[in-house]
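Line by line, the protein sequences give chains A and B.
Here the first sequence is numbered in this note's numbering, starting from 77 and rising by one per residue.
Here the second sequence is numbered in this note's numbering, starting from 7 and rising by one per residue.
Cut-off 20 Å, straight-line C-alpha distance, at most; resulting in silico cross-link-like pairs (PhoX-like, lysine-lysine):
| no. | chain 1 | residue 1 | chain 2 | residue 2 |
| --- | --- | --- | --- | --- |
| 1 | A | K135 | A | K116 |
| 2 | A | K140 | A | K86 |
| 3 | A | K140 | A | K129 |
| 4 | B | K113 | A | K95 |
| 5 | A | K116 | A | K95 |
| 6 | B | K113 | A | K86 |
Chain A side only, calculated, beta carbon under 8 Å to chain B, not exhaustive:
| no. | residue |
| --- | --- |
| 7 | L90 |
| 8 | P92 |
| 9 | Q93 |
| 10 | A96 |
| 11 | L141 |
Computed, partial: chain A to chain B, Cβ under 10 Å:
| no. | residue |
| --- | --- |
| 12 | L85 |
| 13 | L89 |
| 14 | D91 |
| 15 | K95 |
| 16 | K116 |
| 17 | K140 |
For the record, the hints were derived by calculation from the structure and aren't laboratory data.
All values derive from a computational prediction rather than experimental measurement.
Every residue gets a Cβ at the ideal spot worked out from N, C-alpha and C, and that includes glycine.
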Amino acid sequence: MKANIIVTLKNGLLDPQGKAIEGALKSLDIPGVESVRQGKIFEVELAEQDRAKAQALLKTACEKLLANTIVENYRIELA
Amino acid sequence: MRAAIILFPGSNREGDVHRALASVTGQNPAIVWHGEHELPAGTDLVVLPGGFSYGDYLRCGAIAARSPVMDAVRAHARRGGRVLGICNGFQIACEAGLLPGVLMRNKNLRFACHMQHLRVERADTGFTSHYRKFQVIKVAIAHGEGNYTADAETLARLEGEGRVAFRYCDAQGRVGGGANPNGSANDIAGIYSDNLKVLGLMPHPENLIDPLVGGTDGRALFESLLAA
Numbered sequence: 077m078k079a080n081i082i083v084t085l086k087n088g089l090l091d092p093q094g095k096a097i098e099g100a101l102k103s104l105d106i107p108g109v110e111s112v113r114q115g116k117i118f119e120v121e122l123a124e125q126d127r128a129k130a131q132a133l134l135k136t137a138c139e140k141l142l143a144n145t146i147v148e149n150y151r152i153e154l155a
Numbered sequence: 007m008r009a010a011i012i013l014f015p016g017s018n019r020e021g022d023v024h025r026a027l028a029s030v031t032g033q034n035p036a037i038v039w040h041g042e043h044e045l046p047a048g049t050d051l052v053v054l055p056g057g058f059s060y061g062d063y064l065r066c067g068a069i070a071a072r073s074p075v076m077d078a079v080r081a082h083a084r085r086g087g088r089v090l091g092i093c094n095g096f097q098i099a100c101e102a103g104l105l106p107g108v109l110m111r112n113k114n115l116r117f118a119c120h121m122q123h124l125r126v127e128r129a130d131t132g133f134t135s136h137y138r139k140f141q142v143i144k145v146a147i148a149h150g151e152g153n154y155t156a157d158a159e160t161l162a163r164l165e166g167e168g169r170v171a172f173r174y175c176d177a178q179g180r181v182g183g184g185a186n187p188n189g190s191a192n193d194i195a196g197i198y199s200d201n202l203k204v205l206g207l208m209p210h211p212e213n214l215i216d217p218l219v220g221g222t223d224g225r226a227l228f229e230s231l232l233a234a
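With the rest of the complex left out, here is chain A:
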């Protein structure tokens, strides 16, 4: 089973990388860019075929390593 895990910074936290990218997009004259926040995507392939078990397993992976839940949110998308 394939899954995507999307990790994003929590709202309200300063994202200096996102701000720099936002500035660069504006300098490229791309119209209407109001804000940019940068995150991460992990593409994971799992041996597990059971969706509920895969979900639980990936939640553990996020909590233990992939996201720092002090400052990041995560979302699990099973294919």
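Chain A is fixed; fit chain B onto it per the hints.
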């Protein structure tokens, strides 16, 4: 004092802290590979050195914090043993749950690499007894992710419990404003655990132990550890 310095792939200040400890204590610290499951018997102090463990992949310190040896370091801390995390070591200590909060990207996106003044917030801990309260010291900083961040409740707890070890200040000891190099909350440069036995700090006291390289303001930290 028996010290053990943990070596992670990508650590690069282990030699500096080894030299600082050897110079002050007269004993050579052990160097312990991150894949070990135990610390040398009788270890009093564990040092998580500076560097770029695992190339700062995922998040600074995140992968190193999950190394096999970190279970032994956490057990050492639970027993009341001392842990000193410097720079990347501070990031690792936060990721490992030894200290609260997280070190985020510097607010201005610049890698901060310069001499920096710090105010010593208290001089009654095992790390700072050879300083004076509110002494202003000058040490080196070199980091891209030193912006200390924690939720409001955690910050209030750290302040209320006197767990801020060092704050960024100017040469006159004025805290904050332009003296803060990275946007760190409450101008925090270093914090203690609740039992004051774990210290994490972004600056590099281990690099200021010899007048030949520009100052000795870091030396008192190691003298304090020896006396503790």
